[in-house]
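Number of protein chains: 2
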Amino acid sequence: MKIINYKKVKAEKVDDPQSKGVKIRWAIKKDDGAPNFALRVFELKAGGYTPYHSHKWEHEVFIKKGKGTLLWEDKKIPFREGDVIFIPGGEKHQFRNSSRGVLEFLCMIPV
Amino acid sequence: MKIINYKKVKAEKVDDPQSKGVKIRWAIKKDDGAPNFALRVFELKAGGYTPYHSHKWEHEVFIKKGKGTLLWEDKKIPFREGDVIFIPGGEKHQFRNSSRGVLEFLCMIPV
Numbered sequence: 002m003k004i005i006n007y008k009k010v011k012a013e014k015v016d017d018p019q020s021k022g023v024k025i026r027w028a029i030k031k032d033d034g035a036p037n038f039a040l041r042v043f044e045l046k047a048g049g050y051t052p053y054h055s056h057k058w059e060h061e062v063f064i065k066k067g068k069g070t071l072l073w074e075d076k077k078i079p080f081r082e083g084d085v086i087f088i089p090g091g092e093k094h095q096f097r098n099s100s101r102g103v104l105e106f107l108c109m110i111p112v
Numbered sequence: 002m003k004i005i006n007y008k009k010v011k012a013e014k015v016d017d018p019q020s021k022g023v024k025i026r027w028a029i030k031k032d033d034g035a036p037n038f039a040l041r042v043f044e045l046k047a048g049g050y051t052p053y054h055s056h057k058w059e060h061e062v063f064i065k066k067g068k069g070t071l072l073w074e075d076k077k078i079p080f081r082e083g084d085v086i087f088i089p090g091g092e093k094h095q096f097r098n099s100s101r102g103v104l105e106f107l108c109m110i111p112v
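Protein chains in written order, with this note's numbering: chain A, 2 to 112; chain B, 2 to 112.
Treat the hints loosely; a few may be bogus.
All copies of an identical chain are treated as equivalent in the list; a pair is satisfied when it fits inside any one copy or across any two copies.
[Stated by the list, open to error] Within a straight-line C-alpha distance of at most 27 Å, the following computed BS3-like cross-link-like pairs (lysine-lysine) qualify:
no.	residue 1	residue 2
1	K76	K9
2	K31	K76
3	K77	K30
4	K66	K21
5	K8	K57
6	K77	K9
7	K77	K31
8	K31	K14
9	K3	K68
10	K76	K3
11	K8	K21
12	K8	K68
13	K77	K8
14	K93	K9
15	K66	K11
16	K8	K65
17	K30	K76
18	K21	K3
19	K8	K76
20	K14	K30
21	K9	K31
22	K3	K77
Quick caveat, the hints were computed from the structure, so don't treat them as lab data.
All chains, full assembly: derive it from the sequences and hints.
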């Protein structure tokens with residue numbers, strides 16, 4: 002068993018040049034013994050964004066705080082606190098913080 | 002892609018006689034096309050609890066709101082908003098709402 006407050010997990014800067022103002026906390030990962038999926042918490046500054054890309058694995062997302070826009074297959078879809086988003090593998094997506102505050106969301110992926 | 006506010010997902014009463022005051026929302030599940038894991042949101046009334054049990058699959062939990070106590074292998078461990086909990090398969094656990102308010106947490110499991 003592992004218990005930790007997510008704020009105690011190191012926030013690592015995402016260095017991808019196609020992203021901006023993004024930090025990631027790997028709260029539960031393979032090294033913890035997680036056999037199937039990892040739990041990460043993202044933090045995006047105002048105006049920040051993740052890369053617009055696709056990959057073969059899925060995302061399961063929970064918007065913890067703030068609001069933003071999902072660019073999905075060239076469509077803009079607003080989201081806000083409490084929204085749950087499932088992005089199957091192979092679909093293009095980008096998370097944008099379109100607000101003036103911080104955006105935080107959980108994003109789970111297979112290990 | 003699926004997007005839905007978790008409050009729009011039907012809160013189903015958990016009928017297990019070893020639990021009390023528990024509702025579950027299946028926000029992302031196998032029927033949505035999730036290939037690896039499901040995202041559920043639990044709601045426990047003040048004084049509510051989940052069964053004290055173990056099973057072969059793991060839990061990955063994020064405490065969304067409120068506070069409570071984890072009974073884990075006969076030890077009592079307090080938790081609060083923002084805590085992340087990983088319970089590997091085979092370990093006995095129970096989530097208790099030891100507060101006067103509502104407790105909400107996300108709990109992901111393999112499908």
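Evaluated hints:
For the homomeric pair K76 and K9, the shortest alpha-carbon distance between copies (23 Å) is at most 27 Å, but the shortest distance inside one copy (35 Å) is not. Taking identical chains as interchangeable, the C-alpha atoms of K31 and K76 lie at most 27 Å apart only when they sit on different chains, with a minimum of 25 Å there against 33 Å within one chain. Taking CA atoms no more than 27 Å apart as the test, K77 paired with K30 passes between copies only; the shortest distance there is 24 Å, against 31 Å inside one copy. In this assembly of identical chains, K66 and K21 lie within 27 Å of each other by CA distance solely inside one copy; the values are 18 Å within and 29 Å between copies.
Taking identical chains as interchangeable, the C-alpha atoms of K8 and K57 are never at most 27 Å apart, the minima being 29 Å within one chain and 29 Å between chains. Proximity of K77 and K9 under a CA criterion of 27 Å is satisfied inter-copy only: 21 Å between copies versus 33 Å inside one chain copy. Proximity of K77 to K31 under the C-alpha cut-off of 27 Å is restricted to the inter-copy arrangement: shortest distance 26 Å between copies versus 33 Å within a copy. Proximity of K31 and K14 under a CA criterion of 27 Å is satisfied intra-copy only: 20 Å inside one chain copy versus 33 Å between copies.
In the homo-oligomer, the alpha carbons of K3 and K68 lie at most 27 Å apart only across protomers (17 Å), although the nearest pairing inside one protomer, at 30 Å, exceeds that limit. In the homo-oligomer, the alpha carbons of K76 and K3 lie at most 27 Å apart only across protomers (13 Å), although the nearest pairing inside one protomer, at 39 Å, exceeds that limit. Proximity of K8 and K21 under a CA criterion of 27 Å is satisfied intra-copy only: 21 Å inside one chain copy versus 31 Å between copies. When the C-alpha separation of K8 and K68 is checked against a cutoff of 27 Å, the pair qualifies both within a copy, at 20 Å, and between copies, at 16 Å.
In this assembly of identical chains, K77 and K8 lie within 27 Å of each other by CA distance solely across copies; the values are 22 Å between and 30 Å within a copy. Within a single copy, K93 and K9 get their C-alpha atoms only as close as 31 Å, which misses the 27 Å cut-off; across copies the closest is 25 Å, which meets it. For the identical chains of this complex, K66 and K11 are neighbours both inside a copy (19 Å) and across copies (22 Å), given an alpha-carbon limit of 27 Å. Both within a single protomer and between protomers do K8 and K65 lie at most 27 Å apart by alpha-carbon distance, with minima of 13 Å and 13 Å respectively.
For the identical chains of this complex, K30 and K76 are inter-copy neighbours only, at 24 Å across copies versus 31 Å inside a copy, given an alpha-carbon limit of 27 Å. With identical chains, the CA atoms of K21 and K3 are at most 27 Å apart between copies only, with a shortest distance of 25 Å across copies and 31 Å within one. With identical chains, the CA atoms of K8 and K76 are at most 27 Å apart between copies only, with a shortest distance of 24 Å across copies and 32 Å within one. For the homomeric pair K14 and K30, the shortest alpha-carbon distance inside one copy (17 Å) is at most 27 Å, but the shortest distance between copies (31 Å) is not.
Within a single copy, K9 and K31 get their C-alpha atoms as close as 18 Å, which meets the 27 Å cut-off; across copies the closest is 32 Å, which misses it. Proximity of K3 and K77 under a CA criterion of 27 Å is satisfied inter-copy only: 14 Å between copies versus 37 Å inside one chain copy.
Consistency note: the structure conflicts with earlier hint 5 alone.
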